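**Q** One letter stands for each residue in the lines below.
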Amino acid sequence: METLERIIQEHPFFAGLGDEFMDLVSGCASNVRFAKDAYIFREGQAANTFYLVREGNVSLEIYAPQRKPIVVATVGVGEVLGWSWLLPPYEWKFNAHATANTRAIALDGKCLREKCEKNHDLGYEFLKRFAQIVVNRLEATRFQLLDVYSAQK
Amino acid sequence: MTAAAAQLDAMVPCPGVVRQVAKDTPDTFTLTVSRENEREQNAFKPGQFSMLWMFGVGEVPISISGDPANCDQLTYTVRSVGKTTEALVSHKPGMSIGIRGPFGTGWPMEAARGREVVIVAGGIGLAPLRPAIYEVLNHRDLYGRLVLLYGARSPRELLYRKELAAWARQPNTQVLVTVDYGGLGWHGNVGVVTTLFKSAKLQPANSIAMICGPEIMMRFVTRQLGECGVTTESTYLSMERNMQCAVGFCGHCQYGPHFICKDGPVFPYAKIRPLLDKHEL
Amino acid sequence: MTAAEKPRNRHPRVRGVKPAPERALPLSASSTRVSAAAAPALAAQPPATEAFSARHDARARAMPAARLGELFQALVARGFEIVGPTARDGAIVYDRISGVSDLPAGWTDEQEAGHYRLIRRNDQALFGYVVGPQSWKKYLHPAEVKLFAAERQSGAFRILNNETKPAPRAFIGVRACELAAMKIQDRVLLADKYTDPIYAARREGVFIVAAQCTQSAATCFCASMGTGPQVKGGFDLRLTELLDGAHQFLIEAGSERGEQVLLEFETTPAGDSELRQAEAAVEKAARDQVRSIDQDGIKELLYQNFNSPRWDDVAARCLTCANCTMVCPTCFCTSVEDVTDVTGDHAERWRRWDSCFTLNFSHIHGGSIRVSSKARYRQWMTHKLAAWIDQFGSSGCTGCGRCITWCPAGIDITEEVRAMREGDTHGNA
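Chains as they are written, first to last, in our numbering: chain A, 409 to 561; chain B, 595 to 875; chain C, 126 to 554.
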């Protein structure tokens with residue numbers, strides 16, 4: 409059976425993270441499971457965890473009155489779910505809806521935030537990685553906004 | 595076909611009979627047409643297009659979207675966006691349309707032999723790529739792995755859904771589909787087509803990529819392919835401009851020094867890379 | 126020679142209605158166009174007429190201007206419809222002419238950017254002007270032509286083949302720049318992937334009576350383009366008008382057909398002084414040119430200046446009226462229109478001149494690509510001077526100056542090139 413540490417180490421998000429940091433990180437990690445249709449977190453809740461998806465699929469949804477929830481993106485195997493834990497106000501902006509049985513590594517955001525405050529080098533490593541995720545998301549979102557497939561009249 | 599007949603076929607529409615009109619999405623239809631003359635006139639290369647003429651209404655360039663191995667008919671997937679395409683999709687079986695062609699350059703099927711074929715399609719861009727997919731599946735051992743990345747606006751606008759599922763079941767084949775806007779009942783990927791790349795297991799050193807979709811989409815995709823290690827020389831795009839004569843005389847389809855109708859529509863990315871980011875070219 | 130006898134010497138650039146050499150469609154996406162390397166060879170191929178002396182030599186004949194009508198008669202007798210210059214509506218245009226009396230004798234044209242006037246000469250020169258708003262594409266690549274007709278019966282249609290072959294024509298007074306323009310259009314419409322049967326039918330068998338320019342307008346720049354004023358080939362007969370002393374014409378054959386026509390009326394061998402006079406007049410016409418385009422590296426210049434601020438400058442002046450494309454002898458763009466009669470059972474497809482200056486020219490579903498006037502002017506100029514070289518192996522411009530004269534805003538293509546060179550916005554691509 410794989411140790412949590414090895415699973416984390418092998419996840420693409422943590423590629424290149426030195427051993428000295430791995431200990432700090434694994435101390436905040438745990439295995440979690442979500443049944444199909446469970447809500448992993450909801451908009452407005454305190455954001456204190458992020459997840460490395462190992463199996464399954466998660467939809468990021470927004471609820472709008474008079475409409476069914478709108479899926480704005482999906483997060484799959486090998487991807488990272490949630491970055492609102494890293495920066496204030498530490499609050500989720502979307503709902504995370506498991507659309508299949510989902511297994512993930514949950515990382516305690518509160519615990520990690522404290523460690524990052526004490527160890528700025530660790531903090532920098534996290535911010536670099538999250539910055540990349542956010543940038544990728546932003547570009548993809550801008551592309552999505554263009555609605556390139558619509559028939560323009 | 596004699597050279598003279600080929601020349602004539604290029605200039606004057608040849609009558610064809612509509613055999614079937616199937617609705618793919620709310621605004622897209624697939625027409626199957628048979629030609630009254632010899633079957634050899636139906637030969638085409640994946641990526642080529644025909645000029646379809648509606649009696650007294652007008653002519654439009656439509657990519658051939660059918661199986662190149664089928665010589666009995668020609669298949670076209672048409673999106674109804676204006677007066678002429680609306681007339682085209684309103685045809686009923688038994689009616690005649692005029693066909694000129696086929697025209698243009700095709701996908702690099704010969705160069706693709708022995709290589710991993712990566713097909714990236716956006717929206718109706720899957721239509722001119724479908725013949726390339728058929729070609730690979732019809733001659734499976736001539737080609738390496740087949741990877742299809744397909745993005746559409748919403749689940750309702752996905753083309754060829756049954757075939758997508760069938761292709762996914764083929765050996766040595768990966769089919770990944772995404773939509774910009776999901777909905778209840780859609781359990782697949784939501785996000786632009788570039789988000790599929792992380793799940794595509796590519797062998798970039800031996801890949802050949804064929805891309806078709808809106809120009810913005812193709813620019814994002816070529817960038818992403820580059821980041822994945824697929825070379826510029828191995829990437830091909832299908833471009834679109836206003837085409838009227840399809841024989842390089844009316845001048846409308848010029849894209850820089852290239853005539854899309856005869857130098858394209860399929861271009862090696864290396865050839866048009868410097869033109870893609872020029873505004874109003 | 127009977128009128129029915131088919132002219133034996135065809136123009137070397139025309140292959141008749143036979144299609145261009147069949148090129149197998151490649152499986153790869155590489156261009157099937159004649160490569161730029163091969164194309165200059167095609168364009169530079171000397172027509173067979175060069176063998177018949179492009180220079181003035183002992184074969185040159187002379188005749189008094191008063192007897193020029195005999196040339197017309199000889200051509201009419203052979204069944205040619207004569208088309209030539211005539212003065213109408215304040216300009217010298219091309220039309221059917223019945224005789225020498227229709228020529229604009231004693232008129233010249235004063236041309237400048239956005240300016241054209243007919244001015245009286247103090248002699249009776251028959252070709253004492255240069256080029257007007259029309260070019261020979263009026264006949265070879267007509268402004269409006271029916272491509273085909275079709276009729277429909279119970280859902281099925283058939284194409285009706287009712288082409289009418291145009292009458293054989295003789296063009297009188299074709300200038301060097303115009304011959305160059307024909308050669309350029311031959312390359313585009315006959316010698317590329319496909320052949321235009323309409324152009325081919327009209328080009329085939331045209332009898333060309335060229336006239337060497339013995340003066341230049343202020344808007345002419347054929348010398349810098351290498352297209353004139355000397356007429357070097359592609360003609361059946363070449364006229365050079367001599368006005369010093371006796372009013373006469375130097376007349377030379379450039380083809381077998383031309384030689385035969387020349388035998389039908391009386392001429393005398395040209396003397397040395399006549400030859401020298403002609404040569405001097407043509408040389409003077411070249412020297413008198415005040416405009417020019419420096420062709421050196423012009424393709425790269427235009428390609429690299431795609432984002433030059435100079436385009437905004439031109440755009441502020443350009444009305445996108447499309448005059449330049451209408452008067453340009455090499456512009457070939459057309460659009461098609463499908464029409465039906467009232468019953469809807471008879472349809473026709475017509476082809477008309479179009480212009481890249483129109484907003485609709487680059488329209489695809491969703492809108493046009495070239496919306497701004499800047500983009501459209503840039504497209505025209507870049508195509509004419511640069512992309513044409515990549516497409517067809519030569520410049521698309523013959524230096525005739527019509528676009529300068531007929532632009533209502535007086536935009537001068539030679540000035541735009543000069544400004545672009547001097548602005549030198551290299552690396553601004």
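Source of the hints: derived by calculation from the structure; they are not laboratory data. Predicted, not measured: the structure shown is a model, and the values here were computed from it. Do not rely on the hints blindly, as some may be mistaken.
[Claimed, not checked] Computed cross-link-like contacts, SDA-like style, restricted to lysine to any residue with a CA-CA straight-line distance of at most 25 Å: (1) K271/C <-> K792/B; (2) K792/B <-> P497/A; (3) K444/A <-> W780/B; (4) K792/B <-> D529/A; (5) K795/B <-> R545/A; (6) K872/B <-> V488/A; (7) K444/A <-> G779/B; (8) K872/B <-> E547/C; (9) K271/C <-> P609/B; (10) K501/A <-> V612/B; (11) K271/C <-> N836/B; (12) K795/B <-> S558/A; (13) K792/B <-> H528/A; (14) K686/B <-> I513/A; (15) K872/B <-> S558/A; (16) K677/B <-> I423/C; (17) K617/B <-> S460/C; (18) K872/B <-> G464/A; (19) K792/B <-> E522/A; (20) K792/B <-> P420/A; (21) K795/B <-> R414/A; (22) K424/C <-> R867/B; (23) K792/B <-> P496/A; (24) K792/B <-> Q417/A; (25) K677/B <-> G779/B; (26) K865/B <-> I423/C; (27) K795/B <-> K501/A; (28) K872/B <-> D227/C; (29) K756/B <-> G464/A; (30) K795/B <-> L494/A; (31) K872/B <-> K271/C.
**Q** For a C-alpha distance cap of 25 Å, please report whether K271/C and N836/B respect it.
**A** holds (21 Å)
**Q** Hinted pair, alpha-carbon criterion (25 Å max): K865/B, I423/C. Please report holds or violated.
**A** The given pair, whose Cα atoms are some 20 Å apart, holds under the 25 Å limit.
**Q** Can you confirm whether the C-alpha distance between K677/B and G779/B stays at or below 25 Å?
**A** Violated - the C-alpha atoms of G779/B and K677/B are around 34 Å apart, more than 25 Å.
**Q** Are K795/B and S558/A close enough, with their CA atoms no more than 25 Å apart?
**A** Since the Cα atoms of K795/B and S558/A sit roughly 29 Å apart, the hinted pair is violated (cutoff 25 Å).
**Q** CA of K792/B to CA of E522/A, is that 25 Å or under?
**A** violated (32 Å)
**Q** Given the hinted pair K792/B and D529/A, is their alpha-carbon gap at most 25 Å?
**A** violated (28 Å)
**Q** CA of K792/B to CA of Q417/A, is that 25 Å or under?
**A** holds (19 Å)
**Q** Tell me if the straight-line CA distance from K444/A to W780/B falls inside 25 Å.
**A** holds (14 Å)
**Q** Straight-line Cα separation of K872/B and G464/A no greater than 25 Å?
**A** Violated: K872/B and G464/A sit about 42 Å apart, past 25 Å.
**Q** Take the C-alpha atoms of K795/B and R545/A, compute the straight-line distance between them, and say whether it is at most 25 Å.
**A** It holds: about 21 Å lies between the C-alpha atoms, which stays within 25 Å.
**Q** Would the hint linking K501/A and V612/B be met if the CA-CA limit is 25 Å?
**A** At roughly 52 Å apart (the allowed maximum being 25 Å), V612/B and K501/A break the hint.
**Q** Checking one constraint from the list: CA of K792/B to CA of P497/A, max 25 Å. Satisfied?
**A** Distance of about 30 Å is beyond 25 Å: violated.
Figure legend: structure checked against the earlier numbered hints; hints not met, in rising order: 1, 2, 4, 6, 10, 12, 13, 14, 16, 17, 18, 19, 23, 25, 27, 28, 30 and 31.
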